[in-house]
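Peer 1: Produce the complete structure using the sequences and hints provided.
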Amino acid sequence: MTTTDLAVAAEGLRKRYGDTAALDGLDLAVPAGTVRGLLGPNGAGKTTTVRILATLLRPDEGHATVAGFDVLDRPGEVRPRIGLLGQRTAVDEILSGRQNLELFGRLHHLGARAARARATELLDRFGLGDTGGKPVGRYSGGMRRRLDLAAALILAPAVLFLDEPTTGLDPRARLEMWDAVRALAREGTTVLLTTHYLDEADHLADTISVVDHGRVVAEGTPDELKSRTGDDRIDVVVRDPATLPAAAELLARVSGTTAHVDPDLRRAGAPVRDRATALTGIVQALADAGIDAEDIALRRPTLDEVFLHLTGHRAGEPNRNGQEVPA
Amino acid sequence: MTVHVPPIPRTPAARLRWALTDGWTLTRRALTHWARRPAQVVVGLLFPVMTVLMFRYLFGGQMRVPGGGGYAEFLLPGMYAMTMAFGLETTFAAVSGDAAKGVTDRFRSLPMTSSAVVTGRAVADLLNSALALALMVACGLAVGWRWHDGAGRALLAVGLLLLLRFALLWAGIYLGLVAGSPELLAAVQILVWPVGFLSNVFAAPSTMPGWLGAIAEWNPLSATVSAARELFGNPGWGGGSWAARHSLLLAVLWPMLITFVFLPLSVRRFRRLSR
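So the sequences go chain by chain: A and B.
Taking numbering that gives the first Met the number 0, the leading residue of the first sequence gets 0, the next gets one more, and so forth.
Taking numbering that gives the first Met the number 0, the leading residue of the second sequence gets 0, the next gets one more, and so forth.
Source of the hints: derived by calculation from the structure; they are not laboratory data.
Don't take each hint at face value.
Claimed, not checked - From the structure, some residues in chain B lie toward chain A, with a derived Cβ separation under 7 Å:
| no. | residue |
| --- | --- |
| 1 | 2 |
| 2 | 7 |
| 3 | 24 |
| 4 | 32 |
| 5 | 100 |
| 6 | 104 |
| 7 | 105 |
| 8 | 107 |
| 9 | 110 |
| 10 | 111 |
The model shown is predicted, which means the values in this text are computed figures rather than measured ones.
For each residue, glycine too, the CB sits at the ideal point set by N, CA and C.
Peer 2: In structure tokens:
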């Protein structure tokens with residue numbers, strides 16, 4: 000693939016803050032027109048990466064091009080071609096939605112009339128057309144975030160950076176945001192999205208780069224990453240919590256590994272190689288032992304388990320010390 | 000959706016045009032804030048007016064003005080300067096608020112002149128303070144304050160007051176960028192208030208303990224206040240110290256010094272946002 004097909008190309012990005020390396024040689028290549036998820040725990044370097052690519056931060060080492068221009072040498076060419084949705088909703092809370100979009104339109108040098116037209120277009124697109132002159136401070140979190148996204152789209156940028164776009168949103172607002180991102184992707188916008196929600200990366204991203212300790216530790220489609228963990232899993236949910244240890248023991252015997260027990264959910268789970276044999280085996284064993292199972296399920300590993308497998312700790316944990324991995 | 004992407008300026012003239020346009024766009028943003036929150040503006044302006052009325056009528060009867068004359072004559076130039084000094088808090092709140100909300104970062108990611116973030120704020124705050132000063136002068140005229148040495152010298156005094164505000168603007172921008180969050184506003188108030196009172200606004204430095212009086216005499220605010228009193232032809236504390244005798248000179252030098260320190264610091268701090 001030539002660099003012209005890449006909307007984002009970063010090589011060897013390094014950034015230190017005192018003794019901590021926020022980025023430790025991060026490489027990234029995002030083909031134009033695709034959605035890439037940057038997945039990793041807090042402190043992995045996702046935001047630092049986005050800030051460098053969006054011309055807000057200079058790396059100590061390495062270089063990057065966005066939309067075909069070097070972010071360090073030609074930031075002026077990069078900026079009209081990108082949109083940035085930061086972690087915090089960055090709109091003016093005193094102004095109305097329309098005033099915000101017109102302000103950002105003017106700052107993109109659209110001229111008064113074009114800025115007004117573009118504001119109308121974007122307000123309609125994001126269902127904010129009828130909010131009138133209401134100050135953004137009185138918007139709901141979801142509306143505010145949609146306006147934030149609209150403000151990032153003034154010049155219909157080729158590359159869109161979304162830094163944890165749905166953190167803090169309620170489920171409905173989150174789904175609306177997902178729909179909006181999918182629609183933009185369909186129109187050909189390249190999207191680079193950071194998240195520590197695995198389902199978000201699973202739903203939105205064509206490919207995922209797993210980031211940990213300032214570098215990409217794995218890359219692939221969600222399915223590829225899941226198959227990298229290897230085995231499918233069997234989960235058994237028992238009706239009587241008292242029978243859980245016995246069920247776990249049976250599961251361990253059938254799978255030949257240690258079972259992971261979750262007492263809150265009355266669930267025992269274990270990875271299995273031979274899916275069908277293991278499934279019939281555990282059903283039989285539970286019946287022989289007289290354990291009443293509420294549910295027995297064979298499933299692919301979740302991205303959460305993939306993450307644990309790849310990095311040694313869960314996505315929500317910012318910890319740098321290797322977490323104990325249950326078998 | 001087809002959007003025409005404006006070309007990036009290549010010549011110095013085109014770049015300057017962008018810088019002016021962007022600065023004015025952000026000034027207008029601040030002006031729109033006033034229009035959308037008139038109550039807040041009114042409250043902000045009423046505070047100094049209330050202070051004037053309070054000092055003029057509550058304490059004024061008891062005050063002995065050096066060389067005779069009304070207390071209003073003596074009080075008002077000090078209140079004008081205090082109003083300029085408190086403007087620092089407005090600047091700080093606006094700059095740190097934008098930084099905390101990520102608005103500053105959004106501006107920095109746009110194809111706009113980044114210096115406009117600062118120049119737009121500077122022009123808006125100067126306009127705000129000019130309006131506040133105009134209102135204070137009207138209020139002063141209502142409670143018996145007058146200028147006596149002609150409109151030219153009075154305008155010069157107004158110029159010195161705005162010069163002080165201009166200098167403190169940069170201190171406000173710098174502190175706002177350093178703090179990065181408006182939570183420290185109370186700390187800035189704690190900083191500004193003693194500077195306001197540790198001056199010649201209300202009491203003669205000669206009546207203070209020696210070292211305190213020296214600080215009050217050399218306070219940049221005192222220089223502007225003395226100079227304004229002199230230019231308006233209002234009674235002052237006099238005093239024989241070098242600082243008291245050269246207040247006009249100091250009223251120019253102090254703001255220049257503050258600007259020379261905080262303007263480059265602000266620019267540096269703004270650039271360091273990308274570190």
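Peer 1: None of the hints should be skipped; say for each whether it holds.
Peer 2: Right, here's what the structure says about each hint:
no.	hint	result
1	2	5 Å, holds
2	7	5 Å, holds
3	24	5 Å, holds
4	32	5 Å, holds
5	100	6 Å, holds
6	104	6 Å, holds
7	105	4 Å, holds
8	107	6 Å, holds
9	110	4 Å, holds
10	111	5 Å, holds
Violated hints: none; the structure is consistent with every hint.
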